[in-house]
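Protein sequence lines, in the order shown, are assigned to chains A and B.
Take the position in the first sequence, starting the count at 1, then add 142; the result is the number in the working numbering.
Take the position in the second sequence, starting the count at 1, then add 142; the result is the number in the working numbering.
Among the clues, some could well be false.
No copy labels: a pair is met if it fits in one copy or bridges any two.
To be verified - Below, in silico cross-link-like pairs of lysine-lysine (DSBU-like), each with a Cα-Cα straight-line distance of 30 Å or less:
hint: 1; residue 1: Lys312; residue 2: Lys446
hint: 2; residue 1: Lys418; residue 2: Lys194
hint: 3; residue 1: Lys152; residue 2: Lys243
hint: 4; residue 1: Lys194; residue 2: Lys483
hint: 5; residue 1: Lys204; residue 2: Lys164
hint: 6; residue 1: Lys432; residue 2: Lys194
hint: 7; residue 1: Lys267; residue 2: Lys152
hint: 8; residue 1: Lys312; residue 2: Lys279
hint: 9; residue 1: Lys339; residue 2: Lys243
hint: 10; residue 1: Lys152; residue 2: Lys368
hint: 11; residue 1: Lys194; residue 2: Lys398
hint: 12; residue 1: Lys164; residue 2: Lys398
hint: 13; residue 1: Lys194; residue 2: Lys204
hint: 14; residue 1: Lys312; residue 2: Lys274
hint: 15; residue 1: Lys194; residue 2: Lys164
hint: 16; residue 1: Lys418; residue 2: Lys274
hint: 17; residue 1: Lys204; residue 2: Lys152
hint: 18; residue 1: Lys339; residue 2: Lys152
hint: 19; residue 1: Lys276; residue 2: Lys432
If you're looking for bench data, these hints aren't it; they were derived computationally from the structure.
Number of protein chains: 2
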Amino acid sequence: MSLWENYIRKVVPYVPGEQPRKPNIIKLNTNENPYPPAPGVTRVLQDFDTSKLCMYPDPTIKPLVVELARYYGFGEEQVFVGVGSDDVLAMAFMTFFNSEKPILFPDISYSFYPVWCNLFSIPFKTPALDEKFKIIKNDYYIENGGIVIPNPNAPTSIYEEVSFIEDIVKNNPDSIVIIDEAYIDFAGASSLELVNKYDNLLVVQTFSKSRSMAGMRIGFCIGNPKLIEAINNVKYSFNSYTMNMVSIVSGVEAVKDDEYFNSTVGRIIETREKTKGRLSELGFTFPDSKANFIFATHNRVPAKELYEGLRADDIYVRYFDLPRIYNYLRITIGTDEEMNKLLDSLSRLLI
Amino acid sequence: MSLWENYIRKVVPYVPGEQPRKPNIIKLNTNENPYPPAPGVTRVLQDFDTSKLCMYPDPTIKPLVVELARYYGFGEEQVFVGVGSDDVLAMAFMTFFNSEKPILFPDISYSFYPVWCNLFSIPFKTPALDEKFKIIKNDYYIENGGIVIPNPNAPTSIYEEVSFIEDIVKNNPDSIVIIDEAYIDFAGASSLELVNKYDNLLVVQTFSKSRSMAGMRIGFCIGNPKLIEAINNVKYSFNSYTMNMVSIVSGVEAVKDDEYFNSTVGRIIETREKTKGRLSELGFTFPDSKANFIFATHNRVPAKELYEGLRADDIYVRYFDLPRIYNYLRITIGTDEEMNKLLDSLSRLLI
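Model the full assembly from the supplied sequences, consistent with the hints where possible.
Quick look at the structure:
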């Protein structure tokens, strides 16, 4: 072994959901949106003047920052944009979690959080969800170096009201509290309404779910200008030009088309509610989902068996071989047609 | 001041060259290519099926990895792709430079290197270039935690032969040596030919200069499979999906069109050689550039004065207010027409 091998950073990387390239599969394993992005995105790509590509993009990502600030009603100095919310969260962990005290996030949650802690050597503790998979607020009222609360939580799909989030933010004035709202548009009120009230709050959202743009990699966060300046400084110390020209212009188009956004989100919520009823009839139980997925367990057949059976039918859902949740499937809400095929397949598997 | 402010990472961010949005300026300040990307890039963007954007992109960036492996004659397991070579270098610094010994790079070089060291708490030393701005090989034969050599170096524009690089790599079997070849296509032989001979060598290149795609953010590195696996693991611990779908397909098109690539690189080299002659006539001296820029000083008029005079004429070049190089301008090679305007403006300023 060469000496240089000792200097390689040891990490346990995040394992993303499978991205099978087979045609004609039904892909309900990575919480993607089944509908295409807003029509303006197609237009702006087709009209894109590629001769501009020889120049660097705007390092401040200004057009998209301006559009998001306008849409959500904040100042431009309150918005940071990154290459998907994973990029935003990675930068935020690196920027804000440099205390020796552990940061806190739920034991069952987005499995990337401990990966970032490992990468950046951030100590962490994971308070357990209760037996109904709900976050216990009081567990976050202890000394800590920061807090991350996903709302709705994944993979549990449970949404907490803004007043619940506010209690956590208010009780931790010495910590930065990140609310990871990847699924908020399928749920209810956003904690964005707290941003101007609490300077220790950072709200993270993504274009990958409700805006049908996982393939374009756009995420953002909103907070007080001091937090945004700090995360921008770290970004400029990592890679000045993170967003390519095409994502910037197509992100702007996606935000502009509020009517399209509301209609696709509405369709997904409608399909989710129908799917809940049919899963119940088949003997499944699940927390009351407010996301674009359902976290379900069957009263008789093990989740792993169903996962494999569905796979044999070319239907992909997510299965986590982890304590407490090894008997659950995380099923993304697709189109009505896709859900019908899923339910048909499940019916056969449950005979 | 709130307590959480103590936990914010302190950084001194990299300052990219200005990106003025004024129309009709001549922009020779960030070493961009004046020609548009290959025609295939325009085609693939116009034909892009935006309905696919609702899905995540391929986290392994396989189509582009395959194309680069084919083009440069390596195995797929030897290629890593990132969001510009800054992303590749940031990931490489984070992955490979975890020794307590200082890493080494030249005192006059890419100003992002010390920024990454600061961000990741990597100790570093910067051996001085000689009085002709050349790298002194022997300075790198001391104990170190890694080495970064840009070739051609920037902003000096000086290229060293592969045998020179090989000596440094060979004399440092215990360190990972990164050769940053952002400008290699304007220069001469690449150190890629050493990759299969030395397992401690990583060669980094970019699409931002010779491939006219700064706006698309694509960079890559090639090395032994163990190095590539390690940097991929860190990438998957940071952000699984860094490259959007559009950059992946357009990157493939750029690599495929070798004829277009050779012709635009050839034109830039031709313009560079003509510009050298005319700058000499005006009383400038400069190292013999093998890059797409010239690093020039005038025998009478201070660089700062020329920089400001050019700016008043809407011609932007790069000026560094730094020890040793405060009397130099870094002038990007644009089109013949742009260089004529630059030279006309300089002639007037030198009267």
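Status of the hints after comparison with the structure:
1. For the identical chains of this complex, Lys312 and Lys446 are neighbours neither inside a copy (41 Å) nor across copies (52 Å), given an alpha-carbon limit of 30 Å.
2. Taking CA atoms no more than 30 Å apart as the test, Lys418 paired with Lys194 passes between copies only; the shortest distance there is 27 Å, against 48 Å inside one copy.
3. With identical chains, the CA atoms of Lys152 and Lys243 are at most 30 Å apart both within one copy (22 Å) and between copies (18 Å).
4. When the C-alpha separation of Lys194 and Lys483 is checked against a cutoff of 30 Å, the pair qualifies only between copies, where the shortest distance is 21 Å, while the shortest distance within a copy is 45 Å.
5. In the homo-oligomer, the alpha carbons of Lys204 and Lys164 lie at most 30 Å apart only across protomers (15 Å), although the nearest pairing inside one protomer, at 38 Å, exceeds that limit.
6. Taking CA atoms no more than 30 Å apart as the test, Lys432 paired with Lys194 passes between copies only; the shortest distance there is 25 Å, against 42 Å inside one copy.
7. For the homomeric pair Lys267 and Lys152, the shortest alpha-carbon distances inside one copy (20 Å) and between copies (24 Å) are both at most 30 Å.
8. For the homomeric pair Lys312 and Lys279, the shortest alpha-carbon distance inside one copy (12 Å) is at most 30 Å, but the shortest distance between copies (58 Å) is not.
9. Taking the shortest Cα distances, Lys339 and Lys243 sit within 30 Å of each other inside one copy (25 Å), while across copies they are farther apart (46 Å).
10. Taking the closest pair of Cα atoms, Lys152 and Lys368 come within 30 Å of each other only across two copies (13 Å); inside a single copy the shortest separation is 32 Å, beyond that limit.
11. For the identical chains of this complex, Lys194 and Lys398 are neighbours both inside a copy (23 Å) and across copies (20 Å), given an alpha-carbon limit of 30 Å.
12. Only between protomers do Lys164 and Lys398 lie at most 30 Å apart by alpha-carbon distance; the minimum there is 25 Å, versus 34 Å within a single protomer.
13. Taking identical chains as interchangeable, the C-alpha atoms of Lys194 and Lys204 lie at most 30 Å apart whether they share a chain (17 Å) or sit on different chains (26 Å).
14. In the homo-oligomer, the alpha carbons of Lys312 and Lys274 lie at most 30 Å apart inside one protomer (25 Å), although the nearest pairing across protomers, at 60 Å, exceeds that limit.
15. Within a single copy, Lys194 and Lys164 get their C-alpha atoms only as close as 35 Å, which misses the 30 Å cut-off; across copies the closest is 14 Å, which meets it.
16. Only within a single protomer do Lys418 and Lys274 lie at most 30 Å apart by alpha-carbon distance; the minimum there is 17 Å, versus 73 Å between protomers.
17. With identical chains, the CA atoms of Lys204 and Lys152 are at most 30 Å apart between copies only, with a shortest distance of 24 Å across copies and 36 Å within one.
18. In this homomeric assembly, Lys339 and Lys152 come within 30 Å of each other (Cα to Cα) only across copies, at 25 Å, whereas the closest approach inside a single copy is 40 Å.
19. In this homomeric assembly, Lys276 and Lys432 come within 30 Å of each other (Cα to Cα) only inside a single copy, at 13 Å, whereas the closest approach across copies is 62 Å.
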